[in-house]
Amino acid sequence: MTVTAQSPERVRPAPIKAIPVRRTGQWISAVIVAALVASLVWSFASNDSIQWPVVGEFLFNSNILRGGITTIQLTVLSMVLGVVLGVVLAVMRLSHNPVLRMASGAYLWLFRGTPVLVQIVLWFNLGLIFPRLGFGPVSADTNTLISAFGAALLALSLNEAAYMAEIVRGGILSVDKGQTEAAHALGLTGARTMRRIVLPQAMRVIVPPTGNEVVTMLKTTSLVAVIGAQDLFTEAQLYGSKNFTTFEMLLVACFWYLVLTSVLTFAQSRLEHRFARGTAQGGPAGPGWASRLSANLRPGRSTTEGANR
Amino acid sequence: MTTTMVRAENVHKSFGHVEVLKGIDLEVTNGEVFCLLGPSGSGKSTFLRCINHLERIDGGRLSVDGKLIGYREEGDKLYEMREREVAAQRRDIGMVFQRFNLFPHMTALENVMEAPVQVRGESKAAARKQALQLLDRVGLAERAGNYPAELSGGQQQRVAIARALAMKPKLMLFDEPTSALDPELVGEVLDVMKDLAREGMTMIVVTHEIGFAREVGDTVVFMDGGVIVEAGKPADVLGNPQHVRTKAFLSKVLS
Numbered sequence: 001m002t003v004t005a006q007s008p009e010r011v012r013p014a015p016i017k018a019i020p021v022r023r024t025g026q027w028i029s030a031v032i033v034a035a036l037v038a039s040l041v042w043s044f045a046s047n048d049s050i051q052w053p054v055v056g057e058f059l060f061n062s063n064i065l066r067g068g069i070t071t072i073q074l075t076v077l078s079m080v081l082g083v084v085l086g087v088v089l090a091v092m093r094l095s096h097n098p099v100l101r102m103a104s105g106a107y108l109w110l111f112r113g114t115p116v117l118v119q120i121v122l123w124f125n126l127g128l129i130f131p132r133l134g135f136g137p138v139s140a141d142t143n144t145l146i147s148a149f150g151a152a153l154l155a156l157s158l159n160e161a162a163y164m165a166e167i168v169r170g171g172i173l174s175v176d177k178g179q180t181e182a183a184h185a186l187g188l189t190g191a192r193t194m195r196r197i198v199l200p201q202a203m204r205v206i207v208p209p210t211g212n213e214v215v216t217m218l219k220t221t222s223l224v225a226v227i228g229a230q231d232l233f234t235e236a237q238l239y240g241s242k243n244f245t246t247f248e249m250l251l252v253a254c255f256w257y258l259v260l261t262s263v264l265t266f267a268q269s270r271l272e273h274r275f276a277r278g279t280a281q282g283g284p285a286g287p288g289w290a291s292r293l294s295a296n297l298r299p300g301r302s303t304t305e306g307a308n309r
Numbered sequence: 001m002t003t004t005m006v007r008a009e010n011v012h013k014s015f016g017h018v019e020v021l022k023g024i025d026l027e028v029t030n031g032e033v034f035c036l037l038g039p040s041g042s043g044k045s046t047f048l049r050c051i052n053h054l055e056r057i058d059g060g061r062l063s064v065d066g067k068l069i070g071y072r073e074e075g076d077k078l079y080e081m082r083e084r085e086v087a088a089q090r091r092d093i094g095m096v097f098q099r100f101n102l103f104p105h106m107t108a109l110e111n112v113m114e115a116p117v118q119v120r121g122e123s124k125a126a127a128r129k130q131a132l133q134l135l136d137r138v139g140l141a142e143r144a145g146n147y148p149a150e151l152s153g154g155q156q157q158r159v160a161i162a163r164a165l166a167m168k169p170k171l172m173l174f175d176e177p178t179s180a181l182d183p184e185l186v187g188e189v190l191d192v193m194k195d196l197a198r199e200g201m202t203m204i205v206v207t208h209e210i211g212f213a214r215e216v217g218d219t220v221v222f223m224d225g226g227v228i229v230e231a232g233k234p235a236d237v238l239g240n241p242q243h244v245r246t247k248a249f250l251s252k253v254l255s
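So the sequence lines, in the order shown, correspond to chains A and B. When we follow our numbering, the leftmost residue of the first sequence carries the number 1, and every step to the right adds one. When we follow our numbering, the leftmost residue of the second sequence carries the number 1, and every step to the right adds one.
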C-alpha cells in the first residue's frame, strides 16, 4: 500500500471538462409532449363552440364572485372546525381511557367509511327524520335551523375532523418519547408537556398534510352544489344552464378554483418554513411550492405524500 | 453532617413477565457520588428511572430526601400520587439522558430557561440571567443562541446538564451520559460532571466510564441480572473485585 500525506505545495488540478452524455430520448419525448400540448390548446382556443367572450364577461360577474366567497367561507370554516374537532379526537384516540379511545375510533370508522357526498345529502335531509331539533321545551324547525349552507358546513367539517384526527395523531406519535421524559423529569405536567414540548414539534409533521387538506377541502366544497349551497360551482352551473353557456361557465369556475389553489399552495410552503425551526438545516428540504402545486392539482387525496416527507 | 438522600428497600420492578429489578437495597448519602456499573440489561438504568418515577416500582420502598417517590403513605395504606404531586417531586431531581433529549425547537438558552419559567413561574429575565450563568459554567456561553442540531454531541449533553441544574436540584441522575458520544467528546462532559461532584452535588451515575467511577465515585455498585452483586469503595470494587461476575465484567470493560 502506498499512501502519501498531502504536501502543502501540491498544485490543484484543472477542473474536469468532459463531453456530457447525449440524452436523445429526453429530446424526443419533450418534442412529442410539446406537440400534444400545443394541439390540445389549439383545439380549445380555435373551437367555435366555446364563446370565449362569455368566459371573459362572466369571470367577474357578481354572482360568480359571491359564489367564490361562499366557497372560501365554507373552506375556512370547515377546516377550522375540522382541525379543532380533529385535535380532540386525536387526543381521545391516544388517551388511556378505553371508552374515549373507542368512541374516537368509531367516529373515524363512520366518517371515513362513508362518502362525503352522501354525508352532505344526509345532513341536508335530516329534517325528514327529525322534523324539530332541540332539548326539552326549546326546539326549532330542522330545515330552518340547518340551511343548505349549514348542512354543507356540518358535513364537511365533521368529515374533515376524521381525517385531521389521524394527521394530528401521527404528528404527536412522531415526537420522540425522550422529549416527554425529559419534560417530565424537569417537573412539567402532562398538559404543559403536550402544549410546550410535544405539539410544537408535532406541528412540523402536521402542517404539510394539513395544507394539503385545505386545498383538497377547497375542491371538495364543489360537492355541495348537489344541495344548492350557492358556492362557486352552484352559481356557475346555474348561470350556465340558464343561458345555454354550460361549458363557458365551467371554465370560469375552473379559473377561480385554480387561482385559489395556487394562492393556498404558496401560503402553505411559507408556513412550513416557519415550523421547520431547529431542524438539521434550519429549513425543510422538501419540495418547493411549484412542485407542491403540481401535486395538489393531481386528483385524489394527497395526505399520504405530505405525511411521508 | 451526613443525611440520607436516596433510600431503596427491596425495590422490585417488572415489565410484563420480565422482572428487571429483583430487590434493590441501597442508600445514597448527601453529597455522595454514587456510580452504578453493570452490563446492559442489568437493570441499572431502570432503577435510575424509578428514582424520579419515570418508571413506577411494583414492590418495596423508594424514597428521596425522606419522602416516598410516587406514593403517599397514610397509616398502612399506599396511595398513588396525582400527576401534579409527581411533577412537584421531580422538580428537585435533575436528570441527564443518554441521548440528551434537548428540545430541538428551542435554542440552548430557551432549553435551560424552560423549566424555571414554566414550572417555577420565574420571570423570563431572571430565568435568562440564570440560564446564561449556567451555560457559562458548562463552557457554552457563546452557543446560547444555537439550536441543538447546531451543536456537537458533547455540547448538547453539557446544555442538558445546564438545563437540569436550572431547577436547582438536590439530586442529579445521569443515565449513561457519555455513551452516545464520540470518544473525543467524552472528556468535556466528564469534566463538567467532575466539577459538579467537587461542588458537593449528590449524583447517581449510570456509566461505563470506569475511569470516572474510580476517580470521582465515592461508592461503586455493580449490578447484574436485577440485583446488586457487589458494592463498596471504588478502589475495592474496581481494584479488588470479589465476585466472579464483577471480575468478568471488569476484565471485558478494561481490556
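Hint data in this document are derived by calculation from the structure and do not stem from the laboratory. This structure is a prediction, so every number in the text was calculated from the model and none was measured. Treat the hints with care, since some could be wrong.
Below 30 Å or equal to it, Euclidean Cα-Cα: the simulated DSS-like pairs (lysine-lysine) are [unchecked claim]:
1. B:194 - A:177
2. B:124 - A:177
3. B:22 - A:177
Hints, one by one, checked against the model:
| no. | hint | in the structure |
| --- | --- | --- |
| 1 | B:194 - A:177 | 29 Å, holds |
| 2 | B:124 - A:177 | 27 Å, holds |
| 3 | B:22 - A:177 | 26 Å, holds |
The structure shown violates none of the earlier numbered hints.
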